[in-house]
Amino acid sequence: MAFRVITMKSGAMMATARYLTRRNMTHGGSCCGNHHHHHPPFERKKQQSCSRSLSGFWRFNSTKASAVDVYSSDEDVTNTNHHQGLDFPGGHVSYTHSLNFISKSSTQNRVPCYRVLDDNGVVIRSSSGDLESQLQQQPLISQQTALKIYREMVRLQVMDTIFYEAQRQGRLSFYLTSTGEEAISVASAAALSSDDVVMPQYREPGVLLWRGFSLREFADQCFGNKDDYGKGRQMPIHYGSNKLNYFTVSSPLAFEEACMTQLLLCLNSYLQGDFHAGLNFAAVTESPVVFVCRNNGWAISTNVSEQFRSDGIVVKGQAYGIDSIRVDGNDALAVYNSIRAARQMAVNQGKPVLVEFLTYRVGHHSTSDDSTKYRPMDEIEHWKVTRNPVSRFRKWVEGNGWWNEDEESELRSATRKQLLQAIQAAERTEKPFLEEMFTDVYDETPSNLREQQEQLREIIKRHPKDYPSDIPV
Amino acid sequence: MFRILTQRVLGQSLLQQGIRPGAVASASRCFASAAKDLTVREALNSALNEEMSADPRVLLMGEEVGEYQGAYKITKGLLDKYGPDRVLDTPITEAGFTGIAVGAAYHGLRPVVEFMTFNFAMQAIDHIINSAAKTYYMSAGQISVPIVFRGPNGAAAGVGAQHSQCYASWYASCPGLKVLAPYSSEDARGLLKAAIRDPDPVVFLENELLYGEAFPVSAEVLDSNFALPIGKAKIEREGKDVTITAFSKMVGFALKAAEILDKEGISAEVINLRSIRPLDRAAINASVRKTNRLVTVEEGFPQHGVGAEICTSVVEESFGYLDAPVERIAGADVPMPYAANLERLALPQVEDIVRAAKRACYRSVPMAAAV
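Line by line, the protein sequences give chains A and B.
So the first sequence is numbered by the UniProt record's numbering: it starts at 1 and just counts up by one.
So the second sequence is numbered by the UniProt record's numbering: it starts at 1 and just counts up by one.
Hints are computed from structural coordinates only; laboratory data are not their basis.
Glycine included, each C-beta is placed from N, C-alpha and C at the ideal position.
Some clues are possibly wrong.
For each label pair, taking beta carbons as the anchor points, the in silico distance ranges come out as [unchecked claim]:
hint, chain 1, residue 1, chain 2, residue 2, range
1, A, Thr372, B, Val159, 50 to 60 angstroms
2, A, Ser301, B, Gly212, 50 to 60 angstroms
3, B, Pro199, A, Ser409, 23 to 33 angstroms
Just need the whole structure built from these sequences, with the hints factored in.
Take a look at the structure:
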């Protein structure tokens, strides 16, 4: 059961080296990050009242408004203004006379959403007809990969249903489904390589399914038995696998780790302070990270309109200087294409990329939630039935002749059977040994914990009926 | 008869810990055979330098640690020597760079994160506790976090409420963290080296006012292999009438108090805790069993402080040995005021320690003719 820790030293150092090389280049104190000037920052130029210098910009050794007398003439300056500008730390900016505030985006000019398949699972042909956009729409995916994606999406659906039921029956303490968002985790994983470290939030077990985590391993973690890689220490759904490069799910967001290595980060908590520091750092250090946001409309009971007033998350990436894209998260092919492209950009150009998937959380937030209390039933039904990512992809796969009804029912019943077996086996498996409560707090178990462990053993021995019998002492 | 029984019963638990009363003396072995004077700043700088030289995975991160040579010049010269790959100047976001450092530690590097003061570390407390301290446990031993968080802690001089808090007891209550508080240059060198080499996350609480103070150190301390054990306190001064525990700057105050008490016929034993978590309960209890009186001293707020834990430990293990209630000296239970006169009143002074020791000894007048 030993797991290798993947060392990403070279990745970390690469990221930092890149950051610091660039930083050292600009260290001379120049006010202009992007230009290499030989003049010291604020050098007074000779007074030239009405004529413009050839280079087209002025430098001033004072930032007081009175030092500027470019506007002493009456001539119309709007046309020539964009050649005029100012150098401040951060670069050259042109100036404007008009006191206009950049308005926040309205419902009319939102960032458009990339999709490949329409709601009926048919590839949308670009209406413009030019070859380039036609090619961009072509699904770049093999039959084998497409079928694997589809199968894992189905298995995820079945797994969610069965585990959810198990929780309702009282066999599991907690569960959290990915219903309605199956395409995101599975198709993203398909577009990555198995070496890419994934830092999930908690609604991405599709990544693990794609990478080969078995149904039994999922069940072991949910039941917290002795085969659980987490030694029974975490709530259900907090999966982790060193071997599969999948960071253990932890409820608070640990963002910035992303910046030091190349990884895919799935997140939904874009209001945490970490999100902003993380994006900012990644941009400044030019880290090859793909940030993925599942914008599913809800943060437990808080609707997105109460979460932020920006145009979703995609514009926030732009605000941090990160190339960003908005994608239809219920379109498996769009997910696949966009993550593939994003990964390539990150790796080849050494920079972060942000992908916002628009989707809808069909299920309740978790088994501790009843979402009918804060949203209408017909809204849930609409997304569950008409906008279902699994059936949409199924239509495309079947349309290509790669799948049929028989295989569908066979897959579903086989998965269901495997799951029931996994649950039964996991339920029957012994819980972790008592000593695992006390290990791994530190590298070496300290004496006070060893003492407490002994004391606990004594107490259990003396009062066996007060303690569950299925915990091996 | 009862007392002998209790002694036997209480003695058991110390024995179970494998500590014989005499063994604690080894921790107090004095390394200062007076070779040369070293300031705490130089001690920290040399420790960082040597550990970075010995292990290429060690890196420094923090605000102003590189180009500026360190806000308090602790990291002076290190950027020049090790380059920008290993000494990183960070933007002003503790949450940001602490998160990055913890992530780097997850992947096998050994970062040393400098907080300009531990007050600012509160911006990163989620990463220190949730991402660093708990991860080894939560990942069932798969992800270790060999990280050191260091910086000035506690009051300085006239820096006000948001720059003066002592965080020793906050961090020391968290399983998964180790918390160290050096006093002398020997402590600073030995404990920082031990912290960097340790596989667990360590919070290393320095003190701004001690940076410039010089202490004599022996050749052994200056050796690059030198390190002090984590979890062992040091008996700075032996005594037999009252035990005074302290850490960081308060050790100096306790020693001064001991000098004053000595002139009045009270022999005080001063324990420099060095390690707040794990606390050297064996040393503290052994000392109290010898002196029968205890005064705990700390700069931080009194409620739920380090002294409270020490008092409980002694009550649990050595109750029968106490001849007087435990005296607890701590900072005033107010946010630190700025005005110099008020600040002085809000912090423990030498006189406070002397008075407490005398209360524990049931005396407030000099024992002139008693002997």
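Pairwise beta carbon distance, Thr372(A) to Val159(B), judged against the given window 50 to 60 angstroms:
holds (54 angstroms)
Note whether the CB distance of Pro199(B) and Ser409(A) lies within 23 to 33 angstroms or breaks it.
For Ser409(A) against Pro199(B), whose Cβ atoms are near 52 angstroms apart, the range 23 to 33 angstroms is violated.
Taking the Cβ atom of Ser301(A) and the Cβ atom of Gly212(B), is their distance within the range 50 to 60 angstroms?
With a Cβ separation near 55 angstroms, Ser301(A) and Gly212(B) satisfy 50 to 60 angstroms, so the hint holds.
In the structure shown, a violation is registered for the earlier hint numbered 3 alone.
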